[in-house]
Amino acid sequence: MSINATLLGQAISFALFVWFCMKFVWPPLMSAIEERQKKIADGLEAANRAAKDLELAQAKAGDQLKDAKAQAAEIIDAANKRKNQIVDEAKTEAETERAKIIAQGEAEVEAERNRAKEELRKQLAVLAIAGAEKIIERSVDEAANADIVDKLVAEL
Amino acid sequence: MAAQGEVLTASGYIQHHLTNLAVGEGFWTWHIDSLLFSVGLGAFFLWLFRKVGTKATTGVPGKLQCFVEMLVEFVDGVVKDSFHGRNPVIAPLGLTIFVWVFLMNLMDLIPVDFIPHAAALMGVPYLKIVPTTDLNVTLGLSLSVFALIVYYSIKVKGVKGFTKEMTLNPFNHWALIPVNLVLESVTLIAKPISLALRLFGNLYAGELIFILIALLPWWSQFVLSVPWAIFHILVIVLQAFIFMMLTIVYLSMAHEDH
Chain F
792 MSINATLLGQ
802 AISFALFVWF
812 CMKFVWPPLM
822 SAIEERQKKI
832 ADGLEAANRA
842 AKDLELAQAK
852 AGDQLKDAKA
862 QAAEIIDAAN
872 KRKNQIVDEA
882 KTEAETERAK
892 IIAQGEAEVE
902 AERNRAKEEL
912 RKQLAVLAIA
922 GAEKIIERSV
932 DEAANADIVD
942 KLVAEL
Chain Y
415 MAAQGEVLTA
425 SGYIQHHLTN
435 LAVGEGFWTW
445 HIDSLLFSVG
455 LGAFFLWLFR
465 KVGTKATTGV
475 PGKLQCFVEM
485 LVEFVDGVVK
495 DSFHGRNPVI
505 APLGLTIFVW
515 VFLMNLMDLI
525 PVDFIPHAAA
535 LMGVPYLKIV
545 PTTDLNVTLG
555 LSLSVFALIV
565 YYSIKVKGVK
575 GFTKEMTLNP
585 FNHWALIPVN
595 LVLESVTLIA
605 KPISLALRLF
615 GNLYAGELIF
625 ILIALLPWWS
635 QFVLSVPWAI
645 FHILVIVLQA
655 FIFMMLTIVY
665 LSMAHEDH
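For the protein sequence lines, the chains are F and Y, in the order given. Okay, so the first sequence: first residue is 792 according to the numbering used here, each after it adds one. Okay, so the second sequence: first residue is 415 according to the numbering used here, each after it adds one.
Honestly, I wouldn't trust all of these hints.
[As the list claims (entries may be wrong)] Straight-line distance between alpha carbons at most 25 Å, and here's what the computed SDA-like set of lysine to any residue pairs gives: (1) K605(Y) / A796(F); (2) K477(Y) / D879(F); (3) K469(Y) / D868(F); (4) K605(Y) / L807(F); (5) K814(F) / W442(Y); (6) K857(F) / D868(F); (7) K829(F) / V492(Y); (8) K465(Y) / M813(F); (9) K477(Y) / F811(F); (10) K829(F) / M484(Y).
[To be verified] A few chain Y residues that face chain F, going by a derived Cβ cut-off under 7 Å, partial list only: (11) W444; (12) S448; (13) A470; (14) V486; (15) F497; (16) N550; (17) L553; (18) L555; (19) W633.
Treat the hints as calculated values from the structure; they're not laboratory data. Ideal Cβ positions, reconstructed from N, Cα and C, are used throughout, including at glycine.
Whole structure, please, built from the sequences with the hints as guidance.
Written as C-alpha cells, this is what we have:
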C-alpha cells in the first residue's frame, strides 16, 4: 500500500467524469424534472381554478334559485290578491243583485196588495151599497141618499 | 487462490487479496485493477444517466427514469440545503461523487473470491475489485476536492482574502500570524486527508472482514458473511453520502466570504 501514480489517474478520471456529468448528464435530467414540476404545478393551479369556478357557479345558481323563488312567491301573492278581489267583487255584485231582486219582489208584492186592497174596497163598497140598498129599498129614494153612500165609499 | 507459487496459508491468502495488480516502479506504479474498475464504474454511471437523460420524458416517467430522477433530486436538494451560493459545478460534482463512490463501494458486496479467482484462471495474478479499498483512489478523489476548495477560495475571496483567512484566523492580531497560519493549514490539509482516510478505512476494514470470513470452512461462512454484507449495504451508501456531503460543505465554506 503506497501512494503512487494511480492517484493521478484517479484524479484525472474524476475531473473528466465531473465535467461530463456537468455537461451532458445533469442538464437534460434537471430540465426534464423542472418541466414536469412546472406541468404538475400548472395542473394543480388549473384544478384550483376549476374548483373556484365551480364554487362561483354554485353561488350564482343559488342566487338565481333564490330570485326565482322570490318571484314565484310574489306571483302567487298577486294571484291570491287578485282572487280575493274577484271574489269580493262578485260578492258585492251578487249582494246588489239580491237587494235589487228583493226590492223588486217587495214592490210587486206591494202593488199586488194595493190592487187587492182596491179590489176589496170596491167590492166592499158594492156590498155595502147592496146592503144599504136592501135596507133603503123599502124607505128611501136612491138618488136622495147618493151623497151619503159616496161619503161612505170615500171613507172606506 | 495461490498464484505464482504462493503457499496457500491464511496470511498468504489475505496478503494476496490485498495486493493490487500493478505495473511500473516506485511512484510511477499504476494499479491497473483500481483504475480499470473505477473508470469502468464511472463510465457505467455516466452512460446510464446519460441514456436516461436523453430519453427523459416530461410525462409519466419509467421506473429507471424515476430512480435516476430521485437520485438527481436528492443530490440537488442536499446541495440546495447546504450550499448557499450559485455554482453550477457543485450539484453535478455531488452527483458524480455520490453515485461513483457508491458503485465503487458496491463492488465490496461481490463475494471476495468470485472475480479474482476468475481472473486468476485467465492468468491475472492479482486483482482487487473494490477501488475504494485503494488509498490512491480515495486520495485521488479527495485531493481533487481539495484543489477545488483552494481554487474556489481564491476565486471567491481573491488572493488577498484567502491569505487573510489563512493568517488572521482565529486570532486577529499580526503577532499571531504564524500561529494562525499553522492552525489554518492544519484545518485545510485535514479536510482532504480525513475525507480520503474515512472512505478508505471503512471500505478496507469491511473488505478485510469479508476476507477473514472467507477463511472459515465454506459451509459456515454464510452465518457471518450474510449479516456483514447486509450491514455493509448501509455502510457503502453512508460512506458515499458522507463523501458527497462533506465535499459540498467544504466547498460551501470555501465560497463564504468573511
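A quick look at each hint next to the structure:
1. Simply put, K605(Y) and A796(F) have alpha-carbon atoms about 21 Å apart, close enough for the 25 Å limit, and the pair holds.
2. Restraint check: the Cα-Cα separation between K477(Y) and D879(F) comes to about 85 Å, which exceeds 25 Å; the hinted pair is violated.
3. Among the hinted pairs, K469(Y) with D868(F) is inconsistent with the structure: their alpha-carbon atoms are about 73 Å apart, more than 25 Å.
4. For the hint linking K605(Y) to L807(F), the alpha-carbon distance of about 22 Å falls within 25 Å, and the restraint holds.
5. In summary, the hint linking K814(F) to W442(Y) is not supported, as the alpha carbons are separated by about 31 Å, beyond the 25 Å threshold.
6. Straight-line distance between C-alpha atoms of K857(F) and D868(F) comes to about 16 Å, which keeps the hinted pair within the 25 Å bound.
7. With a C-alpha separation of about 21 Å, the suggested pair K829(F) and V492(Y) falls inside the 25 Å cut-off, and the hint holds.
8. Restraint check: the Cα-Cα separation between K465(Y) and M813(F) comes to about 15 Å, which is no more than 25 Å; the hinted pair holds.
9. Distance hint between K477(Y) and F811(F) is fulfilled; the C-alpha atoms sit about 24 Å from each other, no more than 25 Å.
10. Between K829(F) and M484(Y) the alpha-carbon distance is near 17 Å, which keeps this suggested pair within the 25 Å criterion.
11. The interface hint given for W444(Y) holds, since its Cβ lies 5 Å from the closest Cβ of chain F, which is under the 7 Å cut-off.
12. Hint on S448(Y) holds. Least Cβ distance to chain F is approximately 6 Å, under the 7 Å limit.
13. Hint on A470(Y) holds. Least Cβ distance to chain F is approximately 4 Å, under the 7 Å limit.
14. Because the closest C-beta pair between V486(Y) and chain F is about 5 Å apart, less than 7 Å, the hint holds.
15. For the restraint placing F497(Y) at the interface with chain F, the shortest Cβ-Cβ distance is roughly 15 Å, beyond the 7 Å limit, so the hint is violated.
16. Checking N550(Y) against chain F: minimum C-beta separation of about 4 Å stays under 7 Å; hint holds.
17. Proximity of L553(Y) to chain F holds as hinted, the smallest CB-CB distance being about 5 Å (cut-off 7 Å).
18. At about 6 Å, the closest approach between the beta carbon of L555(Y) and any beta carbon in chain F falls short of 7 Å, and the interface hint on this residue holds.
19. Given the 7 Å rule on beta carbons, the hint for W633(Y) is violated: about 33 Å separates it from the nearest Cβ of chain F.
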